[in-house]
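Asks: The lines below spell out each chain.
There are 2 protein chains.
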Amino acid sequence: MGKVSMHEGWIRLVKPSVNLPSLKDNTADADRVKKGIEKVLHCQNIVFDLELVKSMPSLFRKYEYEVSTLLFQDKGSWHLIDLYPSSEEISLYLAAVDLGTSSIAVRFIDFFTQEVVEEISFTNPQNKIGSDVLTRIHFASQGSGLGKLQCTLLEKLNKELKELAQRRSVLQHRIVGMSVAGNTTMTHLFLGLDPYWICREPYIPAINTPEILKASELGLQICPQAPVLVLPNAGSYLGGDLVGGILASGMAKKDEISILVDVGTNAELVVGNSEWLVACAGAAGPALEGGVASIGMMACPGVIDRVRVNPESGEFSIRTIENKPPVGICGSGLIDLVAQLFMAGMIDVRGKFVRDKCGDRLRREEGLSALTIVYAPETGTAEDLTLNQSDIDSLLRSKAAMYTIIQTILEMIEVPLQKISDFYIGGTFGSYIDPRSAVTLGMIPDLPLEIYKPLGNTSLAGAEMALLSAKAREEIYNIRDRITYVELNVNQQFMNLFNAARFIPHTDTSLFPSVRVRLMS
Amino acid sequence: MGKVSMHEGWIRLVKPSVNLPSLKDNTADADRVKKGIEKVLHCQNIVFDLELVKSMPSLFRKYEYEVSTLLFQDKGSWHLIDLYPSSEEISLYLAAVDLGTSSIAVRFIDFFTQEVVEEISFTNPQNKIGSDVLTRIHFASQGSGLGKLQCTLLEKLNKELKELAQRRSVLQHRIVGMSVAGNTTMTHLFLGLDPYWICREPYIPAINTPEILKASELGLQICPQAPVLVLPNAGSYLGGDLVGGILASGMAKKDEISILVDVGTNAELVVGNSEWLVACAGAAGPALEGGVASIGMMACPGVIDRVRVNPESGEFSIRTIENKPPVGICGSGLIDLVAQLFMAGMIDVRGKFVRDKCGDRLRREEGLSALTIVYAPETGTAEDLTLNQSDIDSLLRSKAAMYTIIQTILEMIEVPLQKISDFYIGGTFGSYIDPRSAVTLGMIPDLPLEIYKPLGNTSLAGAEMALLSAKAREEIYNIRDRITYVELNVNQQFMNLFNAARFIPHTDTSLFPSVRVRLMS
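Taken in sequence, the protein lines are chains F and C. Using this note's numbering, you'd call the opening residue of the first sequence number 18 and step up by one each time. Using this note's numbering, you'd call the opening residue of the second sequence number 18 and step up by one each time.
Careful: at least some of the hints might be erroneous.
Same chains, same label: a pair holds when it works inside one copy or across any pair of copies.
Straight-line Cα separation of at most 30 Å, DSSO-like style, residue types lysine-lysine; simulated pairs [said to hold, decoys possible]:
no.	residue 1	residue 2
1	K488	K436
2	K41	K270
3	K145	K71
4	K470	K41
5	K165	K231
6	K32	K71
7	K56	K231
These aren't lab readings, by the way, just hints derived from the structure by calculation.
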């Protein structure tokens with residue numbers, strides 16, 4: 018029956034002790050088994066869906082009332098998900114989903130061992146309709162756009178879930194529970210809710226706290242009664258992905274103050290501890306609207322995720338995912354690359370290419386200066402991989418926005434940098450970020466490097482935790498309720514700070530003493 | 018907002034106070050209104066169905082957040098049924114349904130005044146498939162029989178409910194709550210549950226306690242989220258109709274001991290008080306299987322419901338429903354008729370026709386003695402209305418079973434007749450029963466007539482009470498849990514008692530002193 022920790026779950030397999038029907042005990046089939054479950058779970062509210070009751074008379078007789086029942090808890094009741102013959106060994110699975118705007122990640126978990134048996138990620142199929150949230154919101158409001166966005170997503174999810182099940186040699190109805198973390202727009206589209214008002218002042222979502230839904234209600238082709246937990250959001254720009262991230266980081270339980278930055282398609286930031294949590298989102302800074310990701314690529318085989326530039330020779334050494342021939346660059350690789358170019362003197366404090374240092378690698382491409390990172394013979398695309406001035410400008414705007422947001426919010430809540438005990442970096446984009454490179458660029462403050470903790474996909478980790486543990490699930494609502502969302506005031510002062518932060522690492526180099534030291538050495 | 022008693026309801030209209038969205042309060046639409054409701058209902062568990070959330074963003078803006086919300090309570094949560102603009106006056110209705118095997122009755126209730134605005138009854142459309150429960154159970158197990166039985170019923174219900182709404186000039190989605198009382202087989206067929214095991218030893222229903230269902234789940238074309246309360250049963254032969262009847266009679270709240278007899282297609286009997294309730298059902302007596310109703314007709318215009326026979330002249334005076342020309346006879350009329358024939362000496366203690374007394378009215382018809390009750394020129398069918406020996410024998414078997422059951426159960430639980438403070442007669446068939454005639458026949462014990470209280474359709478009354486009052490709804494589960502069902506042992510002793518009871522009023526006339534007195538006078 019698995020680990021002790023299973024008893025901390027809000028999805029449980031229970032084997033009720035059931036007396037066989039007789040003339041002396043004419044209790045109905047459903048009520049008979051309910052009574053047995055009540056005794057095990059010490060709960061009077063056991064709910065059986067009508068569809069399951071329909072199958073009970075024949076199943077109970079087939080299994081001679083020796084059944085194991087799978088239930089989930091919600092609002093003081095336990096709801097039956099499915100039932101199985103006690104005599105057979107069964108395999109059951111759970112799926113935790115990070116519903117990113119660009120990329121979707123799924124952890125496939127063995128219900129009994131609670132171990133992740135497989136993790137996959139794939140492009141969000143809504144990308145074909147629009148790569149960013151605003152395009153999708155607009156599309157959703159046109160005719161049957163919303164339905165199309167939802168269907169596209171569900172079809173892909175169903176296909177991937179089916180294949181995950183097949184690889185474990187079970188049918189997909191053995192997937193008996195699911196959690197979904199995503200930004201507010203993505204969860205709205207997943208639920209078929211119109212996100213129209215999310216991007217319109219005063220930015221009101223349709224819902225903050227979706228109920229636990231049943232898979233069949235949503236068109237998910239897993240066990241029909243499987244509970245689907247959609248992580249709650251705290252506003253249009255503060256999604257369940259961030260709430261899940263806060264949970265996964267553990268920052269909401271600590272006395273010391275931490276920062277969590279989720280660098281995804283948007284940049285979101287939370288500061289706080291066990292007593293308070295203040296959050297703001299990058300969408301407040303207009304420079305971030307283009308998105309850090311616009312010049313990058315999603316992590317996949319062949320994508321450059323680490324770059325070193327030899328300042329003496331100007332030689333590039335790159336690392337790609339799975340060591341495949343390079344085809345593009347992901348977020349962490351881009352930050353590495355630009356930081357290294359700066360340290361090698363190939364770009365200046367404004368991010369402009371330094372012709373002398375760049376040499377042959379520099380040329381004009383569609384009216385822009387462009388630096389060849391990898392030459393065609395060595396790439397996986399048979400074309401040169403280049404970085405142009407516009408890419409750098411875009412990254413610098415983004416990093417400036419990030420830094421300014423951190424700076425502004427810390428000033429606003431009067432927390433000096435020295436009080437930060439941990440700085441967590443989460444999100445797909447920020448998964449493998451090298452904190453030293455990010456500090457070099459002036460994207461994040463010049464704190465001791467050990468304070469920076471890249472956490473990988475915190476949204477997915479949060480979804481997994483909330484799916485497996487009743488306590489963690491409760492905690493997400495607790496966290497969400499405790500978050501104070503701060504709408505950043507993009508006024509003249511913000512713009513001044515932003516403009517000062519567009520330099521590498523910053524106009525005020527005294528803010529980045531470690532970078533100054535490294536540049537001197 | 019209606020009467021004070023509305024606040025006792027488990028369906029309530031609430032006008033939450035909602036702050037308009039602003040940059041300072043970015044709470045989502047659904048959660049914003051939820052908060053307002055929480056304050057009014059003093060409950061944290063407010064549940065919005067996803068389908069309703071989908072419509073919220075546009076509706077709230079259309080109504081400027083001035084909405085009235087209709088909710089129902091279940092298991093500690095309040096569930097949204099629908100929402101309306103606060104500025105408009107709306108009409109809402111509830112429907113209480115008695116789902117009889119032969120006949121269905123509906124009370125259409127104004128939600129605000131809690132008054133019955135119309136009551137209808139119609140033949141159960143499943144009659145076309147089979148007139149009795151056993152035939153339908155058999156039909157349900159053949160191919161798509163169950164689905165057909167359920168569909169037939171739903172189609173008819175939907176049609177009648179639509180017309181009820183139309184007569185109040187509203188659409189049927191303004192019917193926002195429903196309760197259904199019926200015997201265990203009928204509620205199973207209503208819910209689409211296979212009743213196969215109900216009639217097979219040890220007689221186990223699929224369910225005793227259906228959850229509150231949503232109308233859309235069942236295919237009821239009223240407000241999709243309207244709650245449908247199906248009254249719980251206490252076994253295969255002790256349906257929600259009887260549980261509702263006990264509620265309506267009030268016997269479960271009194272210190273004194275009462276009896277409730279529900280004379281429908283089956284005969285069911287409950288004895289008890291506020292401390293205990295013992296029930297048994299007529300299906301235990303084989304003589305009742307033919308059913309009292311087999312020679313009668315359902316109450317409808319032209320049906321004879323009262324008969325007087327002048328013992329001197331032998332003249333019949335009959336009363337028909339709505340004073341239409343007679344077309345048949347209903348239960349109460351039949352009991353009257355046979356009792357009057359006996360008092361007039363036209364039948365003897367064995368129920369056989371007394372030729373001398375019957376005169377010209379008596380003749381042979383298809384090999385049986387038959388008495389003409391109404392001659393062709395005066396009937397609504399242009400044929401003589403006759404009562405034959407077989408009709409009488411059948412009634413006497415039924416009345417003997419009824420009396421024997423009463424006698425047996427009172428002996429079994431050691432309650433003397435003198436301890437009975439009230440004897441309630443419920444059920445469609447027994448609605449207008451004349452206790453004096455029933456005593457004359459020896460169908461019910463010879464108690465002072467004021468103890469007998471015909472209650473009409475107690476099942477329907479119980480359904481109405483449970484629909485309107487949270488306390489009454491709680492009480493039905495309480496009653497159901499307190500009933501001890503007694504399987505009558507049809508042994509030699511029972512058969513001896515039964516045979517003795519087949520005479521009019523009884524072989525042992527000392528049991529019926531009042532009848533003896535009347536016969537002598």
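Asks: What label fits K165 with K231 when the C-alpha limit is 30 Å: within, between, both, or neither?
Replies: Close inside one copy (21 Å) and across copies (27 Å); limit 30 Å.
Asks: When no copy is named, should K41 and K270 be tagged within, between, both, or neither for a Cα gap of at most 30 Å?
Replies: between (54 Å within a copy, 27 Å between copies)
Asks: For K145 vs K71, is the C-alpha pair at or below 30 Å within one copy, between two copies, both, or neither?
Replies: For K145 and K71, only the inter-copy Cα distance (24 Å) is at most 30 Å; the intra-copy one is 41 Å.
Asks: Which holds for K56 with K231 at a C-alpha limit of 30 Å: within a copy, between copies, both or neither?
Replies: Cα proximity of K56 and K231: in one copy and across copies (25 Å, 28 Å).
Asks: Should K488 paired with K436 be assigned to within, between, both, or neither, using CA atoms and 30 Å as the limit?
Replies: within (29 Å within a copy, 57 Å between copies)
Asks: When no copy is named, should K32 and K71 be tagged within, between, both, or neither for a Cα gap of at most 30 Å?
Replies: within (20 Å within a copy, 38 Å between copies)
Asks: My question is about K470 and K41: at a cut-off of 30 Å on alpha-carbon distance, are they close within one copy, between copies, both, or neither?
Replies: neither (65 Å within a copy, 33 Å between copies)
This entry does not satisfy hint 4, going by the numbered hints stated previously; all others are met.
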